[in-house]
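Read top to bottom, the protein sequences are chains E and Y.
Using my numbering, the final residue of the first sequence is 1419, and nothing's skipped along the way.
Using my numbering, the final residue of the second sequence is 1464, and nothing's skipped along the way.
Be careful, since some hints might not be right.
Facing chain E, according to a computed beta carbon distance under 7 angstroms, are these residues of chain Y, among others [to be verified]: (1) ASN1428; (2) SER1430; (3) GLY1431; (4) VAL1434; (5) ALA1450; (6) SER1453.
Think about it this way: if two alpha-carbon atoms lie no more than 27 angstroms apart in a straight line, the pair counts; the simulated BS3-like pairs of lysine-lysine are [as the list claims (entries may be wrong)]: (7) LYS1268(E) - LYS1373(Y); (8) LYS1390(Y) - LYS1268(E); (9) LYS1268(E) - LYS1352(Y).
Which chain E residues stay away from chain Y? Per the calculated CB distances, all over 10 angstroms, these [stated by the list, open to error]: (10) ALA1115; (11) GLU1121; (12) GLY1148; (13) ALA1157; (14) THR1171; (15) GLY1204; (16) TRP1212; (17) GLN1216; (18) TYR1249; (19) VAL1265; (20) TYR1315; (21) ALA1328; (22) ALA1330; (23) GLU1342; (24) THR1392; (25) TYR1393.
Don't read these hints as lab results, they were simulated from the structure.
Ideal placement from N, C-alpha and C gives every residue a C-beta, glycine not left out.
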Amino acid sequence: MKKKGVRLVLTMLVAVLVLWFLQRLLMPKYMSGIPEGAMIAEYYDSEKIHDVIFLGDCEVYEAFSPCYLGERYGISSYVRGSAQQLIWQSYYLLEDTLRYETPEAVVFNIMSLMHGEPQNEAYNRMTLDGMRWSASKWKAVQASMLEEESVWEYVFPLLRYHTRWQELGAEDVKYLFSRDKVTWEGYLLRVETKPVTVIPEPIELPDYTFSGYAMEYLEKLRVLCEKKGIELIFVKAPSLYPHWYEEWEQQVDAYAAEHGIAYYNFLELAEEAGIDYRTDTYDGGLHMNLSGAEKLSDYLGKKLVEVHGIPVRTGEETYQNVWEPKVKLYHEEIEKKKSGVPEYE
Amino acid sequence: MGIELKNKRVIQKFLCLLLLIIAGSTGCAAENGEKGSPVSLTSTPVPTVALEKEQQLSGYVFEYQGICMAMDMEAAEVIKALGEPLSYFEAASCAFEGLDKIYNYGSFELDTYERNGKDYISGIYFRDDLIATKEGISLYMPEMELWNIYGETGKNESGAVVYEKDGMKLCFLVKDGAITSIEYRSGVLDMQ
């Protein structure tokens, strides 16, 4: 009788192990080709001593470099950005972050206000699969799912990824149990240069009002920051496409003014920040390269210290122990990447 | 005895479930047309229509200097036939490989998306009133013309009047009694 019970437990255990193994094998590793999918999970391995947390879509993780902010200004920061991160995902990522630490300031890139509803399963996956399980992840999944998605496919990703068996490659085996780092404290390093030559004329939109859903989450983000004593700061990266409409700008301006939120629109501040669209973008104006990101970090870092009172940690032992080795490796990586980059023609 | 039998059944059910899942993960879905991996974005069906076979073009079709263009058709022949654009812009997605391309021909803009190494038409946007839809609507015409030609069956989508046909959309914006925007849009990108 007892033996049968043990056998039952063992059988179940083996089955669970097999399923867990299959799930690990079949889930995408995002180590090459699409490193953006590995970004969100990396945060959990970082030392949680951040005074500034950046939130937002691809504009933010290509625009601000925490290593530069650390080296130049002694600011301890992390970018919890991801590709097409929607505002409700930013909100739940902040909730998730607050389980580990409470920063002095949250810098939110406001581009995602343009989206009022869930957009794309693949992008959802790149943000949500990397989050550790918590009530915040559950709510983020619920808020982000498209009609054809199921919450159970997020709980048991094997149900969604089982069709990947045909795409399995050496990377899936190599990174079965551990991953390489793809970012520098959330910053995705790009050193190539592709100047802006042409930007399409904006197309007319039927309605320029941000959706109620997006504004609801902006308000939630503000209230959460207020409740936790965190200063919320808005930024708009100087990306030239997709177009940032004047009507959108007015709504952000009005909201920021109403709630006393600092707002740095780098489309307007590009010249002051020293952005040169011939040298500071790697894809013709959509995203910043290293040169652009360091100029923006320089501008914002100064403001964070002088205007927003973010502590300068230079000289503090804990800070030095954590950041010095990171900054050293960051420079080595820059040199390595620069030596392998062909000139833009 | 009863408990032993019950245990056996539980184990049998559990093993059956496990086998089913493993079977699923080794090929059943790929063969029955189930949605593909969200990472590879292979789930979106891409129709291919030859330029010269106009009768195969689906949805509302735009015609310019004898060249017919439909949403989701392969773009290569069309672009070749249209000649050098006034300007060309390409945008990589935030993360995925493949480029969205925008060709500016003065009176209109043609957008494409990339799938499996080929470009397909994703949109056509009117820039001036020198061109018209195949049914005869141009920019700045009175809205009455729109109702006369396309009928009043268009859906209102966030203020735009949208006519759907074969999975694509023909969208108009009307302001102060005049048509201010005309856009052909593929439905494929909405389905991603």
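Each hint, compared with the structure:
1. ASN1428: violated (9 angstroms)
2. SER1430: Interface hint status for SER1430(Y): holds (5 angstroms vs cutoff 7 angstroms).
3. GLY1431: Holds, because the Cβ-Cβ distance from GLY1431(Y) to chain E comes to roughly 4 angstroms (cut-off 7 angstroms).
4. VAL1434: With a closest approach of 9 angstroms, the VAL1434(Y) hint is violated.
5. ALA1450: violated (12 angstroms)
6. SER1453: With a minimum Cβ separation of about 4 angstroms from chain E (threshold 7 angstroms), the hint on SER1453(Y) holds.
7. LYS1268(E) - LYS1373(Y): holds (16 angstroms)
8. LYS1390(Y) - LYS1268(E): holds (23 angstroms)
9. LYS1268(E) - LYS1352(Y): holds (25 angstroms)
10. ALA1115: ALA1115(E) is indeed farther than 10 angstroms from all Cβ atoms of chain Y, at 15 angstroms.
11. GLU1121: holds (27 angstroms)
12. GLY1148: holds (31 angstroms)
13. ALA1157: Answer for ALA1157(E): violated, closest chain Y Cβ roughly 4 angstroms.
14. THR1171: It holds; THR1171(E) is separated from chain Y by about 21 angstroms at its closest Cβ, greater than 10 angstroms.
15. GLY1204: holds (13 angstroms)
16. TRP1212: holds (19 angstroms)
17. GLN1216: holds (18 angstroms)
18. TYR1249: The claim stands: TYR1249(E) keeps its Cβ more than 10 angstroms from every Cβ of chain Y (closest is about 14 angstroms).
19. VAL1265: holds (16 angstroms)
20. TYR1315: violated (6 angstroms)
21. ALA1328: holds (21 angstroms)
22. ALA1330: holds (25 angstroms)
23. GLU1342: holds (22 angstroms)
24. THR1392: holds (34 angstroms)
25. TYR1393: holds (32 angstroms)
Violation of the numbered hints given earlier is confined to hints 1, 4, 5, 13, 20; the remaining hints are satisfied by the structure.
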